[in-house]
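My request is simple: use the sequences and hints to build the entire structure.
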Amino acid sequence: RKEVEQDPGPFNVPEGATVAFNCTYSNSASQSFFWYRQDCRKEPKLLMSVYSSGNEDGRFTAQLNRASQYISLLIRDSKLSDSATYLCVVTHNTDKLIFGTGTRLQVFP
Amino acid sequence: DTEVTQTPKHLVMGMTNKKSLKCEQHMGHRAMYWYKQKAKKPPELMFVYSYEKLSINESVPSRFSPECPNSSLLNLHLHALQPEDSALYLCASSPRGLRDEQYFGPGTRLTVT
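In order, the protein sequences belong to chains W and E.
The opening residue of the first sequence carries number 1 in the numbering used here; numbering runs sequentially from there.
The opening residue of the second sequence carries number 1 in the numbering used here; numbering runs sequentially from there.
Hints in this document: simulated from the structure, not taken from any laboratory.
A hint or two may mislead.
Said to hold, decoys possible - Listed below are the simulated DSSO-like cross-link pairs for lysine-lysine, each with C-alpha atoms no more than 30 angstroms apart in a straight line:
no. : chain 1 : residue 1 : chain 2 : residue 2
1   : E       : Lys-22    : W       : Lys-42
2   : W       : Lys-2     : E       : Lys-40
3   : E       : Lys-19    : W       : Lys-2
What the hints assert, rightly or not - On the chain E side, residues computed to face chain W include the following (Cβ under 8 angstroms):
no. : residue
4   : Pro-42
5   : Leu-45
6   : Tyr-51
7   : Ile-56
8   : Ala-87
9   : Leu-90
10  : Pro-95
11  : Leu-98
12  : Arg-99
13  : Glu-101
14  : Gln-102
15  : Phe-104
16  : Gly-105
17  : Pro-106
As the list claims (entries may be wrong) - What follows is a list of derived Cβ distance ranges for each label pair:
no. : chain 1 : residue 1 : chain 2 : residue 2 : range
18  : W       : Cys-40    : E       : Glu-67    : 38 to 48 angstroms
19  : W       : Ser-52    : E       : Arg-30    : 23 to 33 angstroms
20  : E       : Pro-8     : W       : Ala-67    : 41 to 51 angstroms
21  : W       : Ser-53    : E       : Gly-14    : 50 to 60 angstroms
22  : E       : Ser-20    : W       : Leu-74    : 40 to 50 angstroms
23  : W       : Leu-80    : E       : Met-27    : 27 to 37 angstroms
24  : E       : Ala-80    : W       : Phe-108   : 44 to 54 angstroms
25  : W       : Ser-28    : E       : Lys-18    : 39 to 49 angstroms
All C-beta atoms, glycine included, are put in the ideal place defined by N, C-alpha and C.
Below, the structure written as structure tokens:
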């Protein structure tokens, strides 16, 4: 089993739709969690840190479920510009960082 | 300023060449990173510098040699690379370490011929 797993997609959704991604992790000692987005041939950009209490930034909501060992990202009212690959990142201790394989989202008109 | 800069943007080198990739940040971050990314794959961590000291080397071959001259600069020296080393090399920084959010540079696209 991979340490961090994501559904690769692609998720094809119409503009205005709500879409959710999950990312599961295997190490219960994992401590920090992030979502990044990466456009084709560009660098990853931080989207959100993920906290135990959940956090929201505009149309984006991130949740952490430690009991089931997954994090989620919800995108409401999808825009064409949301089309990208979404990467989850998990760190534990001070010496381990793992990217998930990414979930590709394509929003169509 | 949340910018990490990298030079060059593109690099083509032969297997006998020696070249260097450069990375700079002025956010006062104390941790800096090198990643390698192949097409359609996530970034793979190569090296971590924390407070200008190498803290993580993810079993990277010695033909890649990192250097941190000061807290704002990070170099990656390349020598005797193989064609399979062709990839996007990304630099990133974070305030203190792996538990913090990272800011990535635009990367150097390296082709080894």
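Legend entry - Ascending list of hint numbers which this structure does not respect: 3, 6, 8, 10 and 18
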